[in-house]
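As you go down the protein sequences, you meet chains A and B in turn. Numbering of the first sequence is given in this note's numbering, commencing with residue 1 and proceeding in unit increments. Numbering of the second sequence is given in this note's numbering, commencing with residue 1 and proceeding in unit increments.
Careful: at least some of the hints might be erroneous.
The list makes no distinction among identical chains, and a pair is therefore deemed to hold if it is satisfied within one copy or across any two copies.
Simulated pairs of lysine-lysine, PhoX-like, Cα-Cα distance not exceeding 25 Å [stated by the list, open to error]:
| hint | residue 1 | residue 2 |
| --- | --- | --- |
| 1 | Lys388 | Lys179 |
| 2 | Lys94 | Lys141 |
| 3 | Lys249 | Lys141 |
| 4 | Lys492 | Lys6 |
| 5 | Lys478 | Lys186 |
| 6 | Lys122 | Lys223 |
None of these hints come from the bench; they were simulated from the model.
2 protein chains.
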Amino acid sequence: MNLEEKVIALKEHQKKLKAYTHVSSLLFYDASTSMPPGAAQSMSDTMGVISGEIYSLTVNPEFKALLNDLYEQREALDFQTRREVEELHLEQEKMEKVPKEEVVAMEEAENLANHYWEIAKKTNDFSIFAPHLEKLIEMKKRYAGYINPDGDVYDTLMNEYERGMNRAQMDPFFDALRKKLVPLIKSVGEAKQPDTSFLAGPFAIDAQKALSEYVMDVMDIDKDRCILRETEHPFTIEFSKNDVRITTKYVEDDLTSNLYSVVHESGHGMYELSIDDALQFSVLGAGATTAIHESQSRLWENYIGRSLPFCKLIFPKVKELFPDQMEGVSAEDFFRAVNVAKPSLIRTDADELTYALHVMVRYELEKRIFEGDLTVSELPAEWNRLYKEYLGIDVPDDTRGVLQDAHWAGGAFGYFPSYALGTAYSAQIYDALRAEVDVDACCEKGDFAPVRQWLTEKIYRHGMLYTADELIEMTCGKPFDPAYYVDYLEEKFSRLYHL
Amino acid sequence: MNLEEKVIALKEHQKKLKAYTHVSSLLFYDASTSMPPGAAQSMSDTMGVISGEIYSLTVNPEFKALLNDLYEQREALDFQTRREVEELHLEQEKMEKVPKEEVVAMEEAENLANHYWEIAKKTNDFSIFAPHLEKLIEMKKRYAGYINPDGDVYDTLMNEYERGMNRAQMDPFFDALRKKLVPLIKSVGEAKQPDTSFLAGPFAIDAQKALSEYVMDVMDIDKDRCILRETEHPFTIEFSKNDVRITTKYVEDDLTSNLYSVVHESGHGMYELSIDDALQFSVLGAGATTAIHESQSRLWENYIGRSLPFCKLIFPKVKELFPDQMEGVSAEDFFRAVNVAKPSLIRTDADELTYALHVMVRYELEKRIFEGDLTVSELPAEWNRLYKEYLGIDVPDDTRGVLQDAHWAGGAFGYFPSYALGTAYSAQIYDALRAEVDVDACCEKGDFAPVRQWLTEKIYRHGMLYTADELIEMTCGKPFDPAYYVDYLEEKFSRLYHL
């Protein structure tokens, strides 16, 4: 094969890979939105076979030879193809470093740990989960050793979710956050609180559904290629750029839960819907990184969605759908209520201001566990101590404490920091956006085309062509700087609470 | 490898095949129940890749050698394994006879034909569809020639859907039907018609949904393993015996459309839910044939579901959900109304009595097309002539005539007769069932466990272990006899219409 033929073979391989990714994403989506409960085992059987097929596709000798050839000649390739080769090469190298038995054993241990975590959470008994957590931690240490024998374990694990993320970057980031946010949250807690009584409902589910569709229309989400379904834990998943699924959850006594889930997931969705056609069958046809993806959902949810102009835009519809609940309430009242900041126990319910501190607790604990400074048995007490120190609240039980998240039970250590990083990216991107686009005017007109065009031009269309650092530099004209995030929060909440 | 190892390899192969079948069924299901409209192309891309993978699994040389070895030694295998080997061998032989290019070309032609059929149906213009239909017919003739060079073309095509089905069997079957049913339908049409005004609605969709769930409970469908969703054309699909999906369609001014769809699809579902665990990862773990499957849905829909005792059982719930519409209506009135027989234009809306004649029209036309006695351009006029002759009605346009069904556009020639055969099987099975189980008593008690147990024992559990002929013989103690069907219809409708 000459170089041209090799490139064609590479593209064919990616097309096949894309089909398998479609299929495994669809299995996950089906399990979350439709599957009858008794089908879990057969779903898992099929998922196992498909994972094995994806593994074989990546590590088979024929493809390995092709990829190595192309990797050596990568300077001769066009930019997109070179990036594809780099991504695939990295993935293949990593897969080959970890013995297949270890991968299978880890998947089994994660399934088991998840099962016992569910029981532990339900019965508020950490000891049921503890031995499985210990085993997973040992396995993840071993796994990091395979991938990166000379590297730091926790850095290696964070890299699984956000390439380039490490403690050298995250420590000062979280330090800065802590120094500013802990006192700010304290002042906010002592200030006069806004009225939120009208957000207590009940809100009829059918009317909430109408609000979801309205919000998607306001954001100009292309419903020909994107649909909304219900799940327990909202998420976005894409099968192709022309098939994006967003999900939400309806709660009768909480209007904002669904409302801001839809705005958040539509942010994720808009990203996927706007990736260049040229990347459609490429491994690069997806959001750049976990944190960059989160920056787009948070940008829409908090920076735009919780702004006064956006609240003014959507409030007439809210009032039309819930006239009794919104009797005597103004758009400004609504804006203040959806921005209430109050330390709480559960991360996923946290407001914009306190959210990062929830993540910080997890970051510190993970770091110390993988540094060997903290044992699993010490984890619950340390969790509670940090919640008191950072958020000023007492954790009443492990169910609402150390057992609240599914991440550790699924072996996802090093994932949490990308949430905070993503939110911090948003602040800097939002600043750059506002310098070029009149976002408030878009809210007033109810036309977000200029915002979407700017984001598409700067971020969306590129898919995974660039790293997170490159994208931030290209979009904002300078490297990532967490000061934007801290300044944004300080300014917004000082104004809201008249500090 | 010794024989034992070969058998293990065979079972592993089937497990993989089962996962791929799960995946391709899920793609189809997702396209029918969820997928956004703009995603059709990416769905089709993925489907193409997965079909190719299934093809490769079946025809790869390593598996071929294994299967040939096992086929030669099949007498030494246990019954189930021997049947698995036979099925796989047959499938492989068939696949190898047809050149892959031909399969791909046929799929493409079917996609195209389907597209133009939709336009033709929408615009009532048969000429848009005609050239594509002609091309498909030529391709199917060629296909039959590959599969069975010395056989009859139409017999070969029918065999694709129902093994063993042929004109020698179907001609006398349809002759007998025509002779009895055409005059019976005429007499029914001249008799006094029951009142059906209370079935005109409107019936609130939410209440109809409650009725669906109630009916599934009455039939004791295991909702832990089977769920109901909505589609344009109701169907049942199974991903495993623990993951069965049934679908329905809600129409506001038609109560019975959804009601009997749910009963019908629950019949299909109950079959899949009751197949032996031993067949779970086997190619035999599915309903025996298309017609046997249809016999089970029709048994529940018509023979049980449209009986007076069943109507008496469910009518209190109908009355509770629709008190205004059912004011002054008795269970007997309801029974008479859901059994109204009236020649109509559309097969899928046809009643129990006239249904088989709709199928007969298609059978005759298909037969003559593949015998070369009928051209595509003569098809519409001939369709209309037969509807007049058999059903006594005038076809006003091709949209409600020759263009009504999707089957031909999808290349499914020879499929229709299995619908009529399945319904005829039901009659004979129902007769055998009633000889051993007091079905009326089950309706009175609202407990169908004895019926399900009997059907499981005789049919469901066996999956594809036996042929249709063997199953009928085992269940009824004699070979298939269409007289049961004709007698049943004659007796039921003579009584209903006091003939």
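Hints violated by the structure (listed by number, smallest first): The structure breaks hints 3, 4 and 5; every other hint is satisfied.
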